[in-house]
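Asks: Listed here are the chains, written in short residue letters.
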Amino acid sequence: MSLHVAPPRNWKALLLTAAILWAIPLAVRNDYFLLLFNVMALNALVVLGLNLLIASTGQVSLGHAAFYGLGAYLSAIASTTLQWPLPLAFLAALLCVALIAFLLAIPTLRLEGNYLVMATLGFNIIVTILFTQMEEFTGGPSGFPGIPRLSLGPLSISTDRHFYYFIWTLFLILFAFTLNLTDSRVGRALLAIHERDLTSETLGIPTYRYKVTTFVLSALYAALAGFCYAHYVTFISPKTFDILYSVQVLTMVVVGGMGSIWGGLAGTVVLTSLPELLHRFEDLHVLLYGLILMGVLIFSPQGLVPAVLSLLQRARPDSEAAGSGNEALLVERALESLRSGRTLNLRCAPAGTGTASSGPEGAGGLLDIRNVSLGFGGLQALNEVGFQVNSCQVVALIGPNGAGKTTLLNVISGLLKPDMGQVVLDGRDMVGMPPHRVAECGVGRTFQAVQIYQHFSVLENLLLGYHVEGGAGFLSAGLRTPSERREERRLRERAMDLLASFDLSDKASLPVMQLTLLEQKLLEMARSLAFSPRVLLLDEPVGGLNPKESEVLVGYITLLRRNGMGIILVEHDMNVVMRIADRIEVLQHGCLIASGTPREVQQNPKVITAYLGVRKS
Amino acid sequence: MMNWHLAPYFFVSGITNGSIYALIALGFCLIQNATGLVNFAQGEFVMLGAMMVFTFYHIIGLPMPVAFILAVAAVALIGVALERGPIRHSRNRDILTLVMITVGASISIRGASMMVWGKNAHIYPAFGGDSPVFILNAAVLPQSLWIMGLTLVVLVLLYLFFHRTLLGKAVRAVADNPHGAVLIGISVRRLVALAFGLSGAMGAMAGILITPITSMSYDAGLMLGLKGFAAGILGGSGSTLGAVVGGLLLGVLESFGAGLVSSAYKDAIAFLILLLILFVKPAGLFGSVRVRRL
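Protein chains in written order, with the numbering used here: chain H, 1 to 617; chain W, 1 to 294.
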């Protein structure tokens with residue numbers, strides 16, 4: 001394990017920022033202005049954390065003032081009242097905040113919607129009340145004086161100028177850390193969670209754990225800023241940490257563009273200087289912040305900084321004249337190569353014990369669905385459904401609309417929990433596992449409506465599928481350790497190989513929205529193959545494709561089967577089903593009404609009346 | 001230090017505050033059902049209602065009933081304006097953006113109110129005088145009776161509106177399935193505006209009614225709004241019945257908590273309950289968890 005760490009990829013911009021920051025105190029003679037810059041750095045630190053949270057969870061916290069305050073007060077109490085040495089006070093404060101943030105995140109981040117905003121807002125109010133009321137510890141409304149200045153051994157930070165260098169260095173380090181983090185496997189996953197959290201979950205990304213971790217990390221940034229603040233001004237009072245500060249930092253985030261790390265810095269610089277310019281109209285501040293927040297959100301919701309950047313980019317000539325060649329020709333070519341016996345460059349499903357499914361003891365197949373039942377209120381969506389899938393086998397699941405086909409796929413991939421029954425893969429019951437664990441067990445899937453990430457390139461979309469194959473966590477991603485970079489390179493190589501198998505190599509860097517529907521579907525299939533699943537769930541893979549295109553897709557499905565994949569195929573196109581299915585299971589009103597080979601099912605009278613239609617004679 | 005002999009008093013004051021929370025929670029509920037948004041400016045409606053009555057009654061000198069009606073109507077209009085203006089014109093329809101626009105609106109209204117009405121708290125006389133009535137050993141202020149009575153009237157009217165009028169049924173239809181409602185010819189936009197207007201009116205009423213007891217200042221809206229929200233979560237997000245029960249329950253819990261533990265932490269109790277509910281039963285007492293689809 002090497003201790004080498006690396007700067008972010010766009011280190012030039014970072015270096016430039018550092019140079020400017022280094023030059024400012026040389027130009028500024030008046031220490032009052034340095035005070036302004038110091039406050040700016042503290043705000044920027046809180047904003048950085050908040051941005052990370054928004055970028056990854058898509059949720060907003062209105063309680064960061066509380067974490068900022070807790071960092072300040074806890075450290076003040078530990079170092080002043082309890083007389084602990086500063087490093088110990090620092091550790092205690094941050095640990096406490098991490099714990100509190102963790103406890104707050106656990107219930108709220110599990111919920112969909114705006115609960116986090118409300119919970120953090122409520123939390124902020126409670127904390128402000130505690131700061132004001134617990135006078136014996138906090139000094140109450142009149143504040144907490146006499147906090148020691150920052151020092152380590154003989155080094156002491158006693159002037160505005162010293163603190164300037166200290167705080168901005170600290171900020172730049174964390175800024176680089178955050179940039180690294182967002183530009184990594186973990187960062188990709190975080191952005192993916194923001195865009196589509198359920199889909200990300202089925203790709204094996206532990207969304208809930210990542211959200212909680214990000215929240216705690218984000219709170220720690222604020223607490224760190226609070227710690228620095230307390231030991232810089234040496235006096236703190238509850239007013240600094242009330243809800244208005246939370247709104248202020250949120251406004252900085254919004255102005256800079258929610259989730260944009262660089263934008264956040266710009267937003268902080270603008271909005272921290274603004275009140276200074278409007279020094280005389282102090283009563284206007286609240287109204288002004290409100291109007292700015294509202295105005296930016298209404299007219300430029302991506303934030304002012306990204307808006308300016310995109311204006312600049314539009315001024316430049318558009319170099320990407322999307323190579324929209326002849327799609328029909330490309331389809332022809334793909335078909336030809338499929339017919340001429342190409343093979344898929346896949347890591348075959350590891351020959352585990354369960355793959356010996358054709359063996360004599362074959363009580364269970366590779367995937368064994370046993371008596372699965374699920375009701376939504378009065379509706380019995382699935383009623384004791386059970387069948388098996390072996391490797392090298394395509395089991396088609398057909399039935400009229402509303403029969404419960406997609407519901408069953410959702411049960412298998414862990415998005416829904418059945419009331420009864422088991423879903424056994426390789427002898428292991430997966431019921432009750434969260435979707436990302438199911439994916440890790442070896443279940444890949446595609447969706448009825450293609451679920452690709454619009455804000456990502458083709459390659460990045462595919463890389464999300466490789467998430468479970470990597471192991472680098474938040475820390476090594478942020479530090480950009482050599483092992484993390486090696487892993488990233490390896491994943492990229494493998495992703496490019498897989499793209500080549502699907503004839504998508506030359507589109508790797510395109511935004512996914514420029515792909516045709518067929519290419520999007522192929523990409524989605526490739527992504528579900530990335531983590532080498534044993535079983536693939538395909539939900540209407542050829543829906544919306546023309547016959548030629550659907551033939552390409554069928555070609556790939558056949559190839560996958562040959563490679564040992566067990567496949568459940570939900571499909572309405574009977575031509576496709578009859579051609580490639582080894583077995584067919586027919587669902588109606590949540591019950592299996594028939595199963596067998598395509599020929600058997602075709603002749604089953606129940607199926608004919610329920611689904612294929614009664615022939616008038 | 002158990003003041004159990006004061007229990008009837010705590011109960012009455014709990015129900016009084018609870019009625020107010022219920023009104024505010026209903027406002028949240030209306031907008032949430034019509035749009036899926038949590039309207040952060042709800043608390044500002046409460047504050048605005050009271051401040052306007054103060055202006056109409058004290059400054060202009062209108063009689064109280066007129067001031068009351070004018071203030072409710074004015075805040076209802078502000079509610080509609082919030083929807084017609086910022087929310088409708090937002091370029092990004094993302095829920096999070098819209099919710100944050102209401103945060104911005106809330107802060108703006110708060111800032112503007114500070115400039116109009118100043119930083120001091122304002123108060124005006126109670127509706128039925130200040131001499132308490134004795135009911136079951138408890139001294140009850142006439143204002144409490146007014147609050148409970150008017151809240152009850154609002155509830156009955158709302159019930160009739162939702163269940164007996166076509167317009168009310170249309171609002172319920174929109175809450176149930178907005179796309180379906182559009183398809184059968186309901187103008188969702190107008191109903192959304194109506195929801196904002198109604199919730200503005202209810203917020204204003206809550207503020208007007210509570211002010212003779214607690215007084216009102218420009219920054220009190222946030223806290224009242226949040227307590228209404230906590231009440232709504234307690235009862236069950238989006239449930240009308242839940243809003244009422246949650247409001248009353250929260251009022252009583254808060255009153256007993258403050259009386260038996262410490263009044264310094266009175267405001268913290270509501271949020272502890274909020275966090276607790278989110279932890280234990282996020283759907284609330286009367287809510288149901290929605291199934292998400294991809």
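Hints in this document: simulated from the structure, not taken from any laboratory.
In this text the structure is predicted, and so the values were computed from the model without any measurement.
It cannot be assumed that every hint is accurate.
[To be verified] Computed cross-link-like contacts, DMTMM-like style, restricted to lysine to aspartate or glutamate with a CA-CA straight-line distance of at most 25 angstroms:
| no. | chain 1 | residue 1 | chain 2 | residue 2 |
| --- | --- | --- | --- | --- |
| 1 | W | 119 | W | 267 |
| 2 | H | 606 | H | 540 |
| 3 | H | 417 | H | 197 |
| 4 | H | 548 | H | 336 |
| 5 | H | 239 | W | 94 |
| 6 | H | 606 | H | 582 |
| 7 | H | 12 | H | 488 |
| 8 | H | 507 | H | 183 |
| 9 | H | 12 | H | 31 |
| 10 | H | 239 | H | 195 |
| 11 | W | 266 | H | 242 |
| 12 | H | 417 | H | 460 |
| 13 | H | 507 | H | 582 |
| 14 | W | 281 | H | 197 |
| 15 | W | 281 | H | 419 |
| 16 | W | 119 | H | 283 |
| 17 | H | 239 | W | 130 |
| 18 | H | 507 | H | 195 |
| 19 | W | 119 | H | 282 |
| 20 | H | 417 | H | 440 |
| 21 | W | 266 | H | 493 |
| 22 | H | 417 | H | 429 |
| 23 | H | 507 | H | 469 |
| 24 | H | 548 | H | 493 |
| 25 | H | 507 | H | 488 |
| 26 | W | 119 | H | 242 |
| 27 | W | 266 | H | 136 |
| 28 | H | 239 | H | 332 |
| 29 | H | 507 | H | 336 |
| 30 | W | 119 | H | 419 |
| 31 | H | 507 | H | 332 |
| 32 | H | 239 | H | 336 |
| 33 | H | 507 | H | 551 |
Asks: Work down the list of hints and note, for each, if the structure agrees.
Replies: Comparing the hints with the structure gives:
{"no.": "1", "hint": "W:119 to W:267", "result": "21 angstroms, holds"}
{"no.": "2", "hint": "H:606 to H:540", "result": "23 angstroms, holds"}
{"no.": "3", "hint": "H:417 to H:197", "result": "17 angstroms, holds"}
{"no.": "4", "hint": "H:548 to H:336", "result": "11 angstroms, holds"}
{"no.": "5", "hint": "H:239 to W:94", "result": "32 angstroms, violated"}
{"no.": "6", "hint": "H:606 to H:582", "result": "20 angstroms, holds"}
{"no.": "7", "hint": "H:12 to H:488", "result": "21 angstroms, holds"}
{"no.": "8", "hint": "H:507 to H:183", "result": "21 angstroms, holds"}
{"no.": "9", "hint": "H:12 to H:31", "result": "29 angstroms, violated"}
{"no.": "10", "hint": "H:239 to H:195", "result": "36 angstroms, violated"}
{"no.": "11", "hint": "W:266 to H:242", "result": "17 angstroms, holds"}
{"no.": "12", "hint": "H:417 to H:460", "result": "30 angstroms, violated"}
{"no.": "13", "hint": "H:507 to H:582", "result": "34 angstroms, violated"}
{"no.": "14", "hint": "W:281 to H:197", "result": "22 angstroms, holds"}
{"no.": "15", "hint": "W:281 to H:419", "result": "20 angstroms, holds"}
{"no.": "16", "hint": "W:119 to H:283", "result": "10 angstroms, holds"}
{"no.": "17", "hint": "H:239 to W:130", "result": "35 angstroms, violated"}
{"no.": "18", "hint": "H:507 to H:195", "result": "22 angstroms, holds"}
{"no.": "19", "hint": "W:119 to H:282", "result": "13 angstroms, holds"}
{"no.": "20", "hint": "H:417 to H:440", "result": "17 angstroms, holds"}
{"no.": "21", "hint": "W:266 to H:493", "result": "60 angstroms, violated"}
{"no.": "22", "hint": "H:417 to H:429", "result": "12 angstroms, holds"}
{"no.": "23", "hint": "H:507 to H:469", "result": "23 angstroms, holds"}
{"no.": "24", "hint": "H:548 to H:493", "result": "31 angstroms, violated"}
{"no.": "25", "hint": "H:507 to H:488", "result": "20 angstroms, holds"}
{"no.": "26", "hint": "W:119 to H:242", "result": "17 angstroms, holds"}
{"no.": "27", "hint": "W:266 to H:136", "result": "19 angstroms, holds"}
{"no.": "28", "hint": "H:239 to H:332", "result": "69 angstroms, violated"}
{"no.": "29", "hint": "H:507 to H:336", "result": "20 angstroms, holds"}
{"no.": "30", "hint": "W:119 to H:419", "result": "57 angstroms, violated"}
{"no.": "31", "hint": "H:507 to H:332", "result": "18 angstroms, holds"}
{"no.": "32", "hint": "H:239 to H:336", "result": "72 angstroms, violated"}
{"no.": "33", "hint": "H:507 to H:551", "result": "21 angstroms, holds"}
Taken one by one, the earlier hints fail for this structure at numbers 5, 9, 10, 12, 13, 17, 21, 24, 28, 30, 32, listed in ascending order.
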